[in-house]
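Colleague: Assemble chains B, C and D onto chain A, guided by the hints.
Number of protein chains: 4
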Amino acid sequence: MAAVSSFLFERGANIVASDQYSTDPFGGSFLLRMEFHLEDDAALEGIRAGFGTGVGERFGMDWRIRRADERQRVAILVSREEHCLLDLLWRWRRAELHADITQVISNHRDAEADVAAFGVPFRHVPVAPDAKPRAEEEMLGLLAGSVDLVVLARYMQILSGDFLARVGAPLINIHHSFLPAFAGAQPYQRARERGVKIIGATAHYVTEELDAGPIIEQDVVRVSHRDGVDALARLGGDIERVVLGRAVRWHLEDRVLIEGGRTVVF
Amino acid sequence: MAAVSSFLFERGANIVASDQYSTDPFGGSFLLRMEFHLEDDAALEGIRAGFGTGVGERFGMDWRIRRADERQRVAILVSREEHCLLDLLWRWRRAELHADITQVISNHRDAEADVAAFGVPFRHVPVAPDAKPRAEEEMLGLLAGSVDLVVLARYMQILSGDFLARVGAPLINIHHSFLPAFAGAQPYQRARERGVKIIGATAHYVTEELDAGPIIEQDVVRVSHRDGVDALARLGGDIERVVLGRAVRWHLEDRVLIEGGRTVVF
Amino acid sequence: MAAVSSFLFERGANIVASDQYSTDPFGGSFLLRMEFHLEDDAALEGIRAGFGTGVGERFGMDWRIRRADERQRVAILVSREEHCLLDLLWRWRRAELHADITQVISNHRDAEADVAAFGVPFRHVPVAPDAKPRAEEEMLGLLAGSVDLVVLARYMQILSGDFLARVGAPLINIHHSFLPAFAGAQPYQRARERGVKIIGATAHYVTEELDAGPIIEQDVVRVSHRDGVDALARLGGDIERVVLGRAVRWHLEDRVLIEGGRTVVF
Amino acid sequence: MAAVSSFLFERGANIVASDQYSTDPFGGSFLLRMEFHLEDDAALEGIRAGFGTGVGERFGMDWRIRRADERQRVAILVSREEHCLLDLLWRWRRAELHADITQVISNHRDAEADVAAFGVPFRHVPVAPDAKPRAEEEMLGLLAGSVDLVVLARYMQILSGDFLARVGAPLINIHHSFLPAFAGAQPYQRARERGVKIIGATAHYVTEELDAGPIIEQDVVRVSHRDGVDALARLGGDIERVVLGRAVRWHLEDRVLIEGGRTVVF
Numbered sequence: 000m001a002a003v004s005s006f007l008f009e010r011g012a013n014i015v016a017s018d019q020y021s022t023d024p025f026g027g028s029f030l031l032r033m034e035f036h037l038e039d040d041a042a043l044e045g046i047r048a049g050f051g052t053g054v055g056e057r058f059g060m061d062w063r064i065r066r067a068d069e070r071q072r073v074a075i076l077v078s079r080e081e082h083c084l085l086d087l088l089w090r091w092r093r094a095e096l097h098a099d100i101t102q103v104i105s106n107h108r109d110a111e112a113d114v115a116a117f118g119v120p121f122r123h124v125p126v127a128p129d130a131k132p133r134a135e136e137e138m139l140g141l142l143a144g145s146v147d148l149v150v151l152a153r154y155m156q157i158l159s160g161d162f163l164a165r166v167g168a169p170l171i172n173i174h175h176s177f178l179p180a181f182a183g184a185q186p187y188q189r190a191r192e193r194g195v196k197i198i199g200a201t202a203h204y205v206t207e208e209l210d211a212g213p214i215i216e217q218d219v220v221r222v223s224h225r226d227g228v229d230a231l232a233r234l235g236g237d238i239e240r241v242v243l244g245r246a247v248r249w250h251l252e253d254r255v256l257i258e259g260g261r262t263v264v265f
Numbered sequence: 000m001a002a003v004s005s006f007l008f009e010r011g012a013n014i015v016a017s018d019q020y021s022t023d024p025f026g027g028s029f030l031l032r033m034e035f036h037l038e039d040d041a042a043l044e045g046i047r048a049g050f051g052t053g054v055g056e057r058f059g060m061d062w063r064i065r066r067a068d069e070r071q072r073v074a075i076l077v078s079r080e081e082h083c084l085l086d087l088l089w090r091w092r093r094a095e096l097h098a099d100i101t102q103v104i105s106n107h108r109d110a111e112a113d114v115a116a117f118g119v120p121f122r123h124v125p126v127a128p129d130a131k132p133r134a135e136e137e138m139l140g141l142l143a144g145s146v147d148l149v150v151l152a153r154y155m156q157i158l159s160g161d162f163l164a165r166v167g168a169p170l171i172n173i174h175h176s177f178l179p180a181f182a183g184a185q186p187y188q189r190a191r192e193r194g195v196k197i198i199g200a201t202a203h204y205v206t207e208e209l210d211a212g213p214i215i216e217q218d219v220v221r222v223s224h225r226d227g228v229d230a231l232a233r234l235g236g237d238i239e240r241v242v243l244g245r246a247v248r249w250h251l252e253d254r255v256l257i258e259g260g261r262t263v264v265f
Numbered sequence: 000m001a002a003v004s005s006f007l008f009e010r011g012a013n014i015v016a017s018d019q020y021s022t023d024p025f026g027g028s029f030l031l032r033m034e035f036h037l038e039d040d041a042a043l044e045g046i047r048a049g050f051g052t053g054v055g056e057r058f059g060m061d062w063r064i065r066r067a068d069e070r071q072r073v074a075i076l077v078s079r080e081e082h083c084l085l086d087l088l089w090r091w092r093r094a095e096l097h098a099d100i101t102q103v104i105s106n107h108r109d110a111e112a113d114v115a116a117f118g119v120p121f122r123h124v125p126v127a128p129d130a131k132p133r134a135e136e137e138m139l140g141l142l143a144g145s146v147d148l149v150v151l152a153r154y155m156q157i158l159s160g161d162f163l164a165r166v167g168a169p170l171i172n173i174h175h176s177f178l179p180a181f182a183g184a185q186p187y188q189r190a191r192e193r194g195v196k197i198i199g200a201t202a203h204y205v206t207e208e209l210d211a212g213p214i215i216e217q218d219v220v221r222v223s224h225r226d227g228v229d230a231l232a233r234l235g236g237d238i239e240r241v242v243l244g245r246a247v248r249w250h251l252e253d254r255v256l257i258e259g260g261r262t263v264v265f
Numbered sequence: 000m001a002a003v004s005s006f007l008f009e010r011g012a013n014i015v016a017s018d019q020y021s022t023d024p025f026g027g028s029f030l031l032r033m034e035f036h037l038e039d040d041a042a043l044e045g046i047r048a049g050f051g052t053g054v055g056e057r058f059g060m061d062w063r064i065r066r067a068d069e070r071q072r073v074a075i076l077v078s079r080e081e082h083c084l085l086d087l088l089w090r091w092r093r094a095e096l097h098a099d100i101t102q103v104i105s106n107h108r109d110a111e112a113d114v115a116a117f118g119v120p121f122r123h124v125p126v127a128p129d130a131k132p133r134a135e136e137e138m139l140g141l142l143a144g145s146v147d148l149v150v151l152a153r154y155m156q157i158l159s160g161d162f163l164a165r166v167g168a169p170l171i172n173i174h175h176s177f178l179p180a181f182a183g184a185q186p187y188q189r190a191r192e193r194g195v196k197i198i199g200a201t202a203h204y205v206t207e208e209l210d211a212g213p214i215i216e217q218d219v220v221r222v223s224h225r226d227g228v229d230a231l232a233r234l235g236g237d238i239e240r241v242v243l244g245r246a247v248r249w250h251l252e253d254r255v256l257i258e259g260g261r262t263v264v265f
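Protein chains in written order, with numbering that gives the first Met the number 0: chain A, 0 to 265; chain B, 0 to 265; chain C, 0 to 265; chain D, 0 to 265.
The following block holds chain A by itself, in its conformation from the complex (with noise of 0.2 Å):
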């Protein structure tokens, strides 16, 4: 930390905000996040050109910088539930999001028109119960190189592991129950049976494993004896789109480190 904020220092840089963490403060790692401002503009090629010999390679640091307005490219995956696709785009559209939001895919058309009211291409990609490689395929190929982001806003297709190795960036996706409670199919429908008294959402990174990905963020909604699947539906359906669009942000803002299976956000 004191190597990182001198060297930072001496360059010109203004750090704004600091966070830290050890996973264990004898021997764990060490995640740091900083946000610095640039006087001069020009600066900013030195501290990136002399960050791994003069810091990095030291420590032996897993390190990057970005420049804060940059802007991601995101591309949101949806089926026939549009609450949380729309919410995404109005917060991009408020500027809630910082990003470029450069396609949605869907397999179905139901939200099509919505997504033209926000000028954001709109691609129709069924996915056939014997042709999902063939769907795959078509998505790699408007996705891979060109996305920053893949965001699965209540996408209800399971992906491949080759296709989240190929697709070549993170992938966040919204699961409407409190994980790891009722991973997997009908959480509402497996929520009401078990008679639980409160509902959540969670927003995770996508590993292979269904639903078992690193928790970004969650958030949980009180119900009760007189809610029905289809209360519960909507009930959680306002805490998925909230906790769906903190996690993007959060990760548009750099703000999630994965550590050990589990997130770290600042």
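FYI, nobody ran anything at the bench for these hints, they're computed from the structure.
Note that CB positions come from ideal geometry on N, CA and C, so glycine has one too.
Heads up, a few of these hints could be off.
[What the hints assert, rightly or not] Between beta-carbon pairs, the in silico distance windows are:
#, chain 1, residue 1, chain 2, residue 2, range
1, B, Arg221, A, Gly167, 44 to 52 Å
2, C, Ala211, B, Ser28, 42 to 50 Å
3, A, Gly59, B, Arg122, 44 to 52 Å
4, D, Arg72, B, Arg165, 49 to 57 Å
[Unchecked claim] From chain A, some residues computed to sit far from chain D (all C-beta separations above 12 Å):
#, residue
5, Ser4
6, Ala12
7, Asp18
8, Pro24
9, His36
10, Met155
11, Asp161
12, Val166
13, Gly167
14, Gly183
15, Val264
Modeller: Leaving out everything else, chains B, C and D in the frame of chain A:
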């Protein structure tokens, strides 16, 4: 509902609270809880005597009438963690729990002095690893026939089906997770490993299947990557005692009905 | 209660939901809401015609019977902030709000295209600083006699007592604070200055006294010293729209009764 | 930040936690809290001795170094409601509060036996209506110079500015409302009258203006029209003790900084 309220009205009862729930308005189970006030205490016997033939049998009801000022006998089982126990004793002294706490049974002696300070008998029933049946037998001797509710306030021994069948009273357990997530042992440890952003506590009736009985109440608290297992236990502890306190209170007020493996809390 | 339920039962009504509340069990006001189902639609007229003489007059009741499938006419007033408006329109399209949204009136043109996309008439009624009475007169011309509920979805003009008296429908407002804290102007600014750790939103019926009408619903979100006024507005915005959505939905389902300056929400 | 971390690093300190906040990145106040570990305990004196000339004076800092294992002396003032007091004592015994609770002062005798059970001296300082100055003088005699923190755990007497000036330690108060709503007397009564749907509790530093000091922590609980003033007091009580416990703990860990009438909680 018309039949019940008319029957009560005609016998001078003033209905002061009424809640109902139908699992399905057309043919499901109908659950009804009424509180009524009688000017003339003696009228209660007439209501009790007449309700079955006058109303209950006609509609095939399961029904029960209880005086609100009747105190149930409660026994608390506890192991080493004393926070839920102390909270129940304190709520009881403060008259938040309308009951007689008749005994505290523990497989450790840690809580003995605290319990004594509340004027409640403390019984030490150690559980040797190879002699659980004997311990259960001893507890049955202390409990059976002399208790209306058993509360497991962080009692860390699994009770056998035989014990549950013979104790003759419902049991409420507090589990230190948001069920069905992290049922079983070491939920805080597992919550930490999974990296959840919210932890919870669940009060439920005990059935033979571990942590699978009808849920009475749940609550949650937000945590972060900074919170290790000890912090989760500390933060969760505050939720555990509130959740257990509510569940016991509601049970003692006859607000909790079980229907199809779930509870209806009026 | 016995009288009402017996009256309905005798006319073939199946009571599917019932809630009651007494301000004081012995002599207070008694509030009752029942939902019932009729096999024979024609029986409703008999119930309506007979209820007053059969039950209502006998107990001096204020009463009303409404068909659940009857759609109320809702007008929305909005200024520049569009998040609550869009959320209501979206919930309405999604059939979460059982109503006809008949018009949106705004003192700005910002929301015009968005409203048009939902197929709802948009009316621009600018409010010149010195000509508020004229603007109110114009709005009364658009509203009076043709609306059952007016929703102020971040409408930033104070409506006069004369307007409230003449519009002929209840008004629900969303205020962006946890009332009674920060009533009036710039609540997020003032919340920031006071250094509160939680902010909220309040949906309430509008009365002549600013932000003092009966509260229907409130919710909150945790904030920290890191959140400036912009962040409070962003975080609070998510709460505002959920709180307003709930309040409007409950009002449309006739779940909200006013009693002594407070609401009872069944 | 570079200067501080380098200074510490060079003297063998391992920084295990660090938090910073700028009121304005360009010219505002900069607040920094660091926890560090020293292999060699003796090095602390060097750090203490050198920090001012080496770093502090150069940047015009207000700074302080405290050993984490140093126990602050805490006095608790209480009136009749004992729930916050007992909770603090219980957390203290459970080692959640790293401090010495050196005395409990009350204007009533109600809590005497409870306090004695924790082995803490209890002092009864009654406050006659016309002799508050004498009572304050007596308390100053007990407190001044022998306490690092005074906690008002539902102490219902207003302390004079003179007392605050002379006691020589910060005071934390728990107020049973969601400030700034319902500052002053009888907040639950007034919450009930206003018909709020959520109640809260606020822990804050005490200043001469009643309930207007910097807020450390707040929390809330949902209530309904069914909850009378007694129920609000019961539900709110659970929040009060949690909020006060958190605030005291954070204060004792030196996590709370005051800046411009607000707190920064690291």
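Colleague: All hints, please: hold or fail.
Modeller: Against the structure, the hints:
no.	hint	result
1	B/Arg221 to A/Gly167: 44 to 52 Å	violated (33 Å)
2	C/Ala211 to B/Ser28: 42 to 50 Å	holds (44 Å)
3	A/Gly59 to B/Arg122: 44 to 52 Å	violated (59 Å)
4	D/Arg72 to B/Arg165: 49 to 57 Å	holds (53 Å)
5	Ser4	violated (4 Å)
6	Ala12	violated (9 Å)
7	Asp18	violated (8 Å)
8	Pro24	violated (4 Å)
9	His36	violated (6 Å)
10	Met155	holds (33 Å)
11	Asp161	holds (42 Å)
12	Val166	holds (36 Å)
13	Gly167	holds (34 Å)
14	Gly183	holds (31 Å)
15	Val264	holds (15 Å)
When held up to the earlier numbered hints, the structure conflicts with 1, 3, 5, 6, 7, 8 and 9 and fits the remainder.
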